[in-house]
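Colleague: Sequence:
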Amino acid sequence: MSGFNPLVQGWDTQSAYPTSLFGALPASQAPRPTTVIRDALVFHITDFKSTILNSTVVNPQGQAQMRVITEPKPGRPTIWTDTSRRTVAFVDWGHQPAIEIPGLLPRTAVRDWLRTSADRKSRFMALRGVNYFWAPDGPSICLWMPQGNTSVLLARVGRSQSGAALEMTRQAMQYGLLEACVVASTLFLSGVPLD
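Numbering of the sequence shown is given in the numbering used here, commencing with residue -4 and proceeding in unit increments.
Certain hints may be false.
Computed spacing ranges between beta-carbons, pair by pair [what the hints assert, rightly or not]:
#1 R123 <-> N144: 34 to 44 Å
#2 P67 <-> Q142: 39 to 49 Å
#3 A121 <-> T82: 28 to 38 Å
#4 E66 <-> Q91: 15 to 25 Å
#5 R33 <-> E66: 19 to 29 Å
#6 P67 <-> L99: 36 to 46 Å
#7 S79 <-> Q169: 21 to 31 Å
#8 P72 <-> D42: 18 to 28 Å
#9 R123 <-> D77: 27 to 37 Å
#10 P69 <-> A104: 18 to 28 Å
#11 R106 <-> P141: 28 to 38 Å
#12 R71 <-> L99: 29 to 39 Å
To be clear, the hints were calculated from the coordinates, so they are not data collected in a lab.
Each residue gets a CB set at the ideal place from its N, CA and C atoms; glycine is no exception.
Required output: the full structure, derived from the provided sequences and hints.
Modeller: In structure tokens form, the structure reads like this:
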């Protein structure tokens, strides 16, 4: 994994693979993911207005599920809302960026919620007392849940023709991870330093 860790430094723009329009993901000639998600529910992060931090999340039925809104002025918060305009998540980009996901995550420093591993190859994410981790897999970033001596793949985010695609397993949906995965995915792909 030398030189390619989008979780720590963003996508490597010096790689042999050309970057996408947004520069956050490698182009389609990049290697394919090494893992397979069967029966995935695919959510598209699309309709970028200058950045993924101003976008729409579309559900598998093709309907808007969430909106990601950031005012263009520096230091303004990013807000994730559902179709009823209820706040799903909120990031305050102050001196130390902080996140809150009502009912799921109290106000926490972003760097503490998506904590970088000691080897800088993954990021840990804790929710409801369960520890998960995000790690690169080919051109994607995958969410894993440790289980004994192995890990279970729960979600994957990667480039798509419409912007980005978040694949969620049914197990991840049952665990109520959709909002957290959408928020983490948009933060990873935003290019904004998280530490």
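Colleague: When you take the CB atoms of P67 and Q142, is the distance between them in 39 to 49 Å?
Modeller: holds (43 Å)
Colleague: Does the Cβ-Cβ separation between P67 and L99 fall within 36 to 46 Å?
Modeller: With a Cβ separation near 28 Å, P67 and L99 fall outside 36 to 46 Å, so the hint is violated.
Colleague: Using the beta carbons of R71 and L99, state whether their distance is inside 29 to 39 Å or not.
Modeller: violated (23 Å)
Colleague: Within 27 to 37 Å or not, the Cβ separation of R123 and D77?
Modeller: violated (20 Å)
Colleague: Within 19 to 29 Å or not, the Cβ separation of R33 and E66?
Modeller: Once the Cβ atoms are compared, 40 Å apart, the range 19 to 29 Å for E66 and R33 is violated.
Colleague: Could you tell me whether the CB distance from R123 to N144 stays inside 34 to 44 Å?
Modeller: violated (23 Å)
Colleague: Is the gap between the beta carbons of P69 and A104 within 18 to 28 Å?
Modeller: holds (19 Å)
Colleague: Given the hint of 21 to 31 Å, check if S79 and Q169 actually sit that far apart at their C-beta atoms.
Modeller: holds (23 Å)
Colleague: Holds or violated: 15 to 25 Å for the Cβ distance of E66 and Q91?
Modeller: Because 19 Å falls inside the window, the suggested range holds.
Colleague: A121 and T82, beta-carbon distance inside 28 to 38 Å?
Modeller: Cβ of A121 to Cβ of T82: about 21 Å, so the range 28 to 38 Å is violated.
Colleague: Does 18 to 28 Å hold as the CB distance between P72 and D42, or does it fail?
Modeller: holds (20 Å)
Colleague: Evaluate the given range 28 to 38 Å for the C-beta pair formed by R106 and P141.
Modeller: violated (21 Å)
Hints 1, 3, 5, 6, 9, 11, 12, counting from the list given before, are not met by this structure.
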